[in-house]
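J.: Sequence:
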Amino acid sequence: MAKSRSIAGAWRRHAAALLMLAPLLAITASPAAAADAAVDGRPADLDPATVHPACFDDLVSQAYSGEASVERVLLTNCPGGDAPTRSYRDRRIYERPRDTSQGESFATGWVASRFVGTFDGGRLVYELIDNGGGTGAFSMLLSGRLKTGAEGPMLVDLVLAPAGDRCTGGIDTAVAVDDRLMDVAQWVTPFDVVSLILDLEPEQAPDGVTAALGDEAAQAVPGCAACCVGTVVLRLDAASLKPHAGAQTDLPVAGESLHMTYDGIGEYDDGASVCLAKVVGARAADGPDPSADPGRASNAGTGAGLVGGSMADDNPDARDDIRIPLEDLAALREPLLACIRDKEHKK
Numbered sequence: 001m002a003k004s005r006s007i008a009g010a011w012r013r014h015a016a017a018l019l020m021l022a023p024l025l026a027i028t029a030s031p032a033a034a035a036d037a038a039v040d041g042r043p044a045d046l047d048p049a050t051v052h053p054a055c056f057d058d059l060v061s062q063a064y065s066g067e068a069s070v071e072r073v074l075l076t077n078c079p080g081g082d083a084p085t086r087s088y089r090d091r092r093i094y095e096r097p098r099d100t101s102q103g104e105s106f107a108t109g110w111v112a113s114r115f116v117g118t119f120d121g122g123r124l125v126y127e128l129i130d131n132g133g134g135t136g137a138f139s140m141l142l143s144g145r146l147k148t149g150a151e152g153p154m155l156v157d158l159v160l161a162p163a164g165d166r167c168t169g170g171i172d173t174a175v176a177v178d179d180r181l182m183d184v185a186q187w188v189t190p191f192d193v194v195s196l197i198l199d200l201e202p203e204q205a206p207d208g209v210t211a212a213l214g215d216e217a218a219q220a221v222p223g224c225a226a227c228c229v230g231t232v233v234l235r236l237d238a239a240s241l242k243p244h245a246g247a248q249t250d251l252p253v254a255g256e257s258l259h260m261t262y263d264g265i266g267e268y269d270d271g272a273s274v275c276l277a278k279v280v281g282a283r284a285a286d287g288p289d290p291s292a293d294p295g296r297a298s299n300a301g302t303g304a305g306l307v308g309g310s311m312a313d314d315n316p317d318a319r320d321d322i323r324i325p326l327e328d329l330a331a332l333r334e335p336l337l338a339c340i341r342d343k344e345h346k347k
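Using the UniProt record's numbering, you'd call the opening residue of the sequence shown number 1 and step up by one each time.
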């Protein structure tokens, strides 16, 4: 069984390896579009939080294709922009019209958007989700510079960062830290957490986990899009959507951490997950007060609906019982491997 890779980007080479956002799609506007975008040069009187999710429809449909032809995003007067929306966890959701071209109705999915914030240089950042009509909910971040053109306010100089499908690297929250940085919490599976502890890059994870745990344990550890076990919080530059200082090898900064719940990690009964719960729980018990986390914007257990994960119980009172700084994960490697090799944990 091929395990999912939560986010298909380069992980940092340090022991506290971080999940990275997928390869960025930097979308450069054509000269004509750039000229159009510079008609006024000043942002229109616009509340970015009220932009209709239909305005991002064309863009999100290309996010995972590797081809990005959308050079600008109009923020008003979008096709479908007068359609009703529904709300979930501060996201606005636009249901695409059903396809009736063959006399039958086919679900065509939905687009969700949430405004993250305004950053230096007049850049706006949005969290977007694309659903094509099935169970997948594909997250991404969009950073763009706000301009006013002949057609109204728009985003140009686009940087699009696909993140993942639900538990496999999907975005839980993205929160502005200051005028340049933001914290992004991405969902992880037990397989992802094991990979992090083992300091494996995404390309190495399938073979690396097998080599470290053995075939049976590696095949059993959950890594599916509905197998949420927590989140990893990373600090990103809002303009580039790259790590906090723009360097792939930067060590974690304060606030970059793994978040899990005891209920979530205890839900899985395969050998590796049982050992993961044991060593992570022991580390949390020895660490600082896990409930003191003012930088966390939402709970890891509140992702039902959009995330659809196994720990997504939509309980507003759920809290992150376990919080481990990323730089401390390397210390869990040997205890984890020792537990997995010890058959006693299965009794």
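Everything labelled a hint here was simulated from the structure, so no lab data went into it.
Watch out, some of these pointers could steer you wrong.
As the list claims (entries may be wrong) - Using C-beta positions, here's what the derived DEER-type ranges look like:
no.: 1; residue 1: A49; residue 2: A338; range: 17 to 25 Å
no.: 2; residue 1: G121; residue 2: Q219; range: 20 to 28 Å
no.: 3; residue 1: G80; residue 2: E216; range: 31 to 39 Å
no.: 4; residue 1: D269; residue 2: A211; range: 20 to 28 Å
no.: 5; residue 1: Q204; residue 2: D342; range: 36 to 44 Å
no.: 6; residue 1: D263; residue 2: A83; range: 34 to 42 Å
Beta carbons: idealized from backbone N, C-alpha and C, even for Gly.
J.: Run every hint past the structure and note whether it holds.
T.: Results for each hint:
1. Separation of A49 from A338 is about 49 Å and departs from the stated range, judged on CB atoms against 17 to 25 Å.
2. Taking 20 to 28 Å as the suggested C-beta distance range, the pair G121 and Q219 does not conform, at roughly 47 Å.
3. With their beta carbons about 50 Å apart, G80 and E216 fall outside the hinted range of 31 to 39 Å.
4. Range check, D269 to A211: about 23 Å between beta-carbon atoms, so the 20 to 28 Å window is met.
5. Our hint of 36 to 44 Å for Q204 and D342 is violated, since their Cβ atoms are close to 25 Å apart.
6. Here the CB-CB span from D263 to A83 is close to 38 Å, well matched to the stated 34 to 42 Å.
Checked against the numbered hints given earlier, this structure breaks hints 1, 2, 3, 5; the rest are met.
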